[in-house]
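Q: So you can see what is in the structure, the chains are spelled out below.
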Amino acid sequence: MNRIHKLFNTKKDRVLSIYFTAGFPKLEDTLPIMEAIQEGGADIIEIGVPYSDPVADGPTIQESNMVALENGISMKKLFAQLEGFRDKIQLPVVLMGYLNPIMQYGMEAFCKKCQEVGIDGLILPDLPMQQYLDEYKELFEQYGLVNTFLISPQTSESRIREIDEHSNGFIYMVSSHSITGAKAGISEEQIAYFKRVKAMGLQNPRLIGFGISDSETFSKASEYSNGAIIGSAFIKVLKNSKDLKQDIQAYLKEVLH
Amino acid sequence: MIKVDEKGFYGRFGGAYIPEMLHPNVEELRENYESIMASQEFQDEFRGLLKDYVGRPTPLYFASRLSEKYGAKIYLKREDLCHTGAHKVNNTIGQIILAKKLGKKRIIAETGAGQHGVATATVCALMGMECTVYMGEVDIARQHPNVERMKILGATVVPATSGSKTLKDATNEAMRAWINNPVDTHYIIGSVVGPHPYPEMVARFQSVISEEIKWQLKEKEGRENPDIVIACVGGGSNAAGAFYHYYNTPEVRLVAAEAAGLGVSSGKSAATTALGTPGILHGSKTILMQTEDGQVVEPHSISAGLDYPGIGPVHAHLFDVGRGEFVAVEDKDAMAAGIELSKLEGIIPAIESAHALYALNLIEYAKDDVIVINLSGRGDKDLDTYIKWGKY
Ligand SMILES: Cc1ncc(COP(=O)(O)O)c(C=O)c1O
Chain B
1 MNRIHKLFNT
11 KKDRVLSIYF
21 TAGFPKLEDT
31 LPIMEAIQEG
41 GADIIEIGVP
51 YSDPVADGPT
61 IQESNMVALE
71 NGISMKKLFA
81 QLEGFRDKIQ
91 LPVVLMGYLN
101 PIMQYGMEAF
111 CKKCQEVGID
121 GLILPDLPMQ
131 QYLDEYKELF
141 EQYGLVNTFL
151 ISPQTSESRI
161 REIDEHSNGF
171 IYMVSSHSIT
181 GAKAGISEEQ
191 IAYFKRVKAM
201 GLQNPRLIGF
211 GISDSETFSK
221 ASEYSNGAII
231 GSAFIKVLKN
241 SKDLKQDIQA
251 YLKEVLH
Chain Z
1 MIKVDEKGFY
11 GRFGGAYIPE
21 MLHPNVEELR
31 ENYESIMASQ
41 EFQDEFRGLL
51 KDYVGRPTPL
61 YFASRLSEKY
71 GAKIYLKRED
81 LCHTGAHKVN
91 NTIGQIILAK
101 KLGKKRIIAE
111 TGAGQHGVAT
121 ATVCALMGME
131 CTVYMGEVDI
141 ARQHPNVERM
151 KILGATVVPA
161 TSGSKTLKDA
171 TNEAMRAWIN
181 NPVDTHYIIG
191 SVVGPHPYPE
201 MVARFQSVIS
211 EEIKWQLKEK
221 EGRENPDIVI
231 ACVGGGSNAA
241 GAFYHYYNTP
251 EVRLVAAEAA
261 GLGVSSGKSA
271 ATTALGTPGI
281 LHGSKTILMQ
291 TEDGQVVEPH
301 SISAGLDYPG
311 IGPVHAHLFD
321 VGRGEFVAVE
331 DKDAMAAGIE
341 LSKLEGIIPA
351 IESAHALYAL
361 NLIEYAKDDV
371 IVINLSGRGD
381 KDLDTYIKWG
391 KY
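Residue numbers (our numbering), protein chains in the order written: chain B, 1 to 257; chain Z, 1 to 392.
By construction, these hints were calculated from the structure, which means they are not laboratory data.
Since the structure is predicted, the reported quantities are computational estimates derived from the model, not experimental observations.
For glycine and all other residues, C-beta sits at the position ideal for the given N, C-alpha and C.
Be aware that one or more of the hints could be misleading.
Label-pair restraints from in silico Cβ distances [stated by the list, open to error]:
| no. | chain 1 | residue 1 | chain 2 | residue 2 | range |
| --- | --- | --- | --- | --- | --- |
| 1 | B | T10 | Z | P278 | 37 to 45 Å |
| 2 | Z | V321 | B | D13 | 19 to 27 Å |
| 3 | B | E254 | Z | E28 | 40 to 48 Å |
| 4 | B | H166 | Z | E211 | 25 to 33 Å |
| 5 | B | E223 | Z | D5 | 44 to 52 Å |
Far from chain B, by Cβ distances over 10 Å, these chain Z residues were calculated [to be verified]:
| no. | residue |
| --- | --- |
| 6 | K7 |
| 7 | Y17 |
| 8 | E20 |
| 9 | E31 |
| 10 | S39 |
| 11 | D44 |
| 12 | L81 |
| 13 | N172 |
| 14 | R176 |
| 15 | P182 |
| 16 | N225 |
| 17 | E251 |
| 18 | S266 |
| 19 | T277 |
| 20 | P278 |
| 21 | D293 |
Listed next, the in silico SDA-like pairs over lysine to any residue satisfying Cα-Cα at most 20 Å (straight line) [as the list claims (entries may be wrong)]:
| no. | chain 1 | residue 1 | chain 2 | residue 2 |
| --- | --- | --- | --- | --- |
| 22 | B | K77 | Z | T291 |
| 23 | Z | K105 | B | K112 |
| 24 | Z | K7 | B | E135 |
| 25 | Z | K105 | B | Q154 |
| 26 | Z | K7 | B | D134 |
| 27 | B | K183 | Z | K165 |
| 28 | Z | K104 | B | E135 |
| 29 | Z | K165 | B | Q131 |
| 30 | B | K183 | Z | K105 |
| 31 | B | K26 | Z | D293 |
| 32 | Z | K165 | B | E63 |
| 33 | B | K76 | Z | D380 |
| 34 | B | K137 | Z | K105 |
| 35 | Z | K165 | B | K76 |
| 36 | B | K6 | B | Q131 |
| 37 | Z | K104 | Z | P24 |
| 38 | B | K183 | Z | N181 |
| 39 | Z | K7 | B | L133 |
| 40 | Z | K104 | B | M1 |
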């Protein structure tokens with residue numbers, strides 16, 4: 001059974017997913033960061049595949065992408081780093097990336113490699129639902145990869161229902177009209193949106209991401225969903241860290257307390 | 001047949017590869033642009049402004065001294081005489097009327113040379129709309145007069161400081177700004193790039209260029225079809241406009257001049273079809289300059305308007321099926337062609353347009369062929385570059 005399904009079968013509440021950019025802050029940090037996230041008590045690991053033009057990302061993740069590319073990360077290198085990671089990591093692992101680098105690697109070769117190394121799912125923000133259904137759905141299923149769609153406060157109810165119908169892992173709820181980046185607090189307007197989607201009674205679990213940064217925002221988001229995703233705030237921890245393992249665990253402890 | 005399909009593809013290029021956050025905006029546009037553009041009310045306002053505000057029709061000028069030098073009948077389509085100095089305004093007039101009809105209150109845009117930024121700031125002033133223009137830091141430095149023009153017109157210019165700090169990055173920033181302001185804001189893209197329906201919509205606004213060429217050439221030559229149309233291609237909007245009504249007239253050769261920078265194999269080039277491979281950039285599948293790993297390569301051209309690593313999907317398709325002839329023009333040759341036109345015809349062209357002029361030296365044609373060159377813009381904004389270049 002896919003590890004994402006297994007997770008949500010047993011855990012419905014306060015699911016914490018942590019995003020980081022592969023090859024950042026140093027090229028070889030990918031695996032040590034994954035281990036520290038697991039030891040720190042998170043539930044899902046999201047690895048960002050660096051891209052030169054990440055249009056859905058704010059300055060923090062843009063910068064981590066640039067640094068990782070300067071460090072020499074590439075799709076091939078990332079897969080080499082991920083070779084054998086399942087000896088140590090039991091958490092579900094999801095790759096998040098833009099379509100172009102994957103297209104160049106070859107969509108089928110990419111999916112095959114994901115399955116080989118033990119990836120459970122994909123989040124491809126610039127892959128629209130229709131394109132997924134027309135071109136990639138069968139391929140993802142063939143290689144046991146769960147695809148995750150995003151929704152935002154602008155997404156219409158009928159489209160959310162359609163997305164729910166075509167999802168089978170979790171739905172990524174973008175918390176506001178925004179690109180990625182940690183902001184302070186969660187507004188009334190956002191809460192109204194969280195409640196509205198919650199009341200829809202979707203079949204898939206929902207994780208809230210973008211702007212989640214600490215225990216307060218994590219807990220608040222979890223009240224209206226099955227958990228949350230932290231990205232930019234975590235990247236900032238990595239950026240300023242002198243001791244990755246220690247700082248990651250201290251940060252996760254704070255978020256989860 | 002060169003035609004967009006209902007999913008926004010020209011052959012295997014195009015589409016709308018956008019984050020879900022942009023889906024409602026792009027969908028709103030896709031559902032409405034054709035019916036709005038077809039309405040009499042829209043057409044009256046659009047045509048009226050093109051005539052009285054932009055100064056259309058622009059002349060189709062027989063360049064006799066240039067013709068004599070090259071041994072062909074060369075006509076210049078004088079988009080440089082449009083208000084604001086380039087063809088870009090044809091599109092911004094169309095999109096601002098559309099934005100108004102969609103009830104939008106704010107406009108955002110990206111710009112490279114600053115021509116599209118100026119054309120956008122201009123129509124925003126005309127309509128009393130708030131305007132923010134994203135421009136790469138490098139371009140802000142090399143196109144300074146246009147930055148000030150935008151400010152005089154009341155626009156806010158926001159520097160794009162990521163990546164190569166040029167047009168590609170300004171486009172990224174504009175897309176991010178649109179994600180952040182999805183409800184009241186319309187994004188006026190400046191070329192035939194971006195997610196469907198932008199490439200087709202912008203091409204239709206620019207298609208007035210070839211619409212006019214047809215009747216003007218008929219008046220002057222007794223025929224609607226030239227033998228060759230030449231235009232420069234950054235994203236490809238002036239070329240799409242000049243080619244549009246000839247796409248499906250195979251006897252008219254369509255020549256697209258790309259910027260080779262310091263040379264196609266110099267590592268400092270923007271010759272997309274020569275160096276690029278299929279990929280996805282700014283929401284559409286097209287040909288783009290990228291590494292083996294799918295990272296977008298930073299282009300180079302002396303002309304900021306051509307300094308873009310991709311081309312519009314329609315041009316990728318014209319290239320793919322062999323309908324377009326693509327040539328690559330180096331910085332030095334474009335500069336020489338710009339100076340040549342200045343001396344022969346008394347017209348200082350934009351450096352972008354000078355790339356199209358130099359293409360005369362790279363293609364074969366018969367004596368007395370009728371050639372239309374789309375002179376997309378005037379050289380005022382490039383005076384600094386001309387002065388630094390010297391050799392005139
Ligand atoms: C005068 C002129 N010509 C051409 C271009 C290139 O754009 P496009 O290829 O969309 O016509 C620009 C862009 O700024 C321009 O200012």
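Q: Now, for every hint given, state plainly whether the structure supports it.
A: Outcome of the hint check:
| no. | hint | verdict |
| --- | --- | --- |
| 1 | B:T10 / Z:P278: 37 to 45 Å | 43 Å, holds |
| 2 | Z:V321 / B:D13: 19 to 27 Å | 55 Å, violated |
| 3 | B:E254 / Z:E28: 40 to 48 Å | 41 Å, holds |
| 4 | B:H166 / Z:E211: 25 to 33 Å | 43 Å, violated |
| 5 | B:E223 / Z:D5: 44 to 52 Å | 45 Å, holds |
| 6 | K7 | 8 Å, violated |
| 7 | Y17 | 5 Å, violated |
| 8 | E20 | 4 Å, violated |
| 9 | E31 | 12 Å, holds |
| 10 | S39 | 25 Å, holds |
| 11 | D44 | 32 Å, holds |
| 12 | L81 | 36 Å, holds |
| 13 | N172 | 5 Å, violated |
| 14 | R176 | 5 Å, violated |
| 15 | P182 | 5 Å, violated |
| 16 | N225 | 38 Å, holds |
| 17 | E251 | 36 Å, holds |
| 18 | S266 | 20 Å, holds |
| 19 | T277 | 8 Å, violated |
| 20 | P278 | 8 Å, violated |
| 21 | D293 | 4 Å, violated |
| 22 | B:K77 / Z:T291 | 14 Å, holds |
| 23 | Z:K105 / B:K112 | 47 Å, violated |
| 24 | Z:K7 / B:E135 | 13 Å, holds |
| 25 | Z:K105 / B:Q154 | 17 Å, holds |
| 26 | Z:K7 / B:D134 | 12 Å, holds |
| 27 | B:K183 / Z:K165 | 25 Å, violated |
| 28 | Z:K104 / B:E135 | 34 Å, violated |
| 29 | Z:K165 / B:Q131 | 31 Å, violated |
| 30 | B:K183 / Z:K105 | 25 Å, violated |
| 31 | B:K26 / Z:D293 | 19 Å, holds |
| 32 | Z:K165 / B:E63 | 14 Å, holds |
| 33 | B:K76 / Z:D380 | 48 Å, violated |
| 34 | B:K137 / Z:K105 | 39 Å, violated |
| 35 | Z:K165 / B:K76 | 27 Å, violated |
| 36 | B:K6 / B:Q131 | 27 Å, violated |
| 37 | Z:K104 / Z:P24 | 14 Å, holds |
| 38 | B:K183 / Z:N181 | 16 Å, holds |
| 39 | Z:K7 / B:L133 | 14 Å, holds |
| 40 | Z:K104 / B:M1 | 48 Å, violated |
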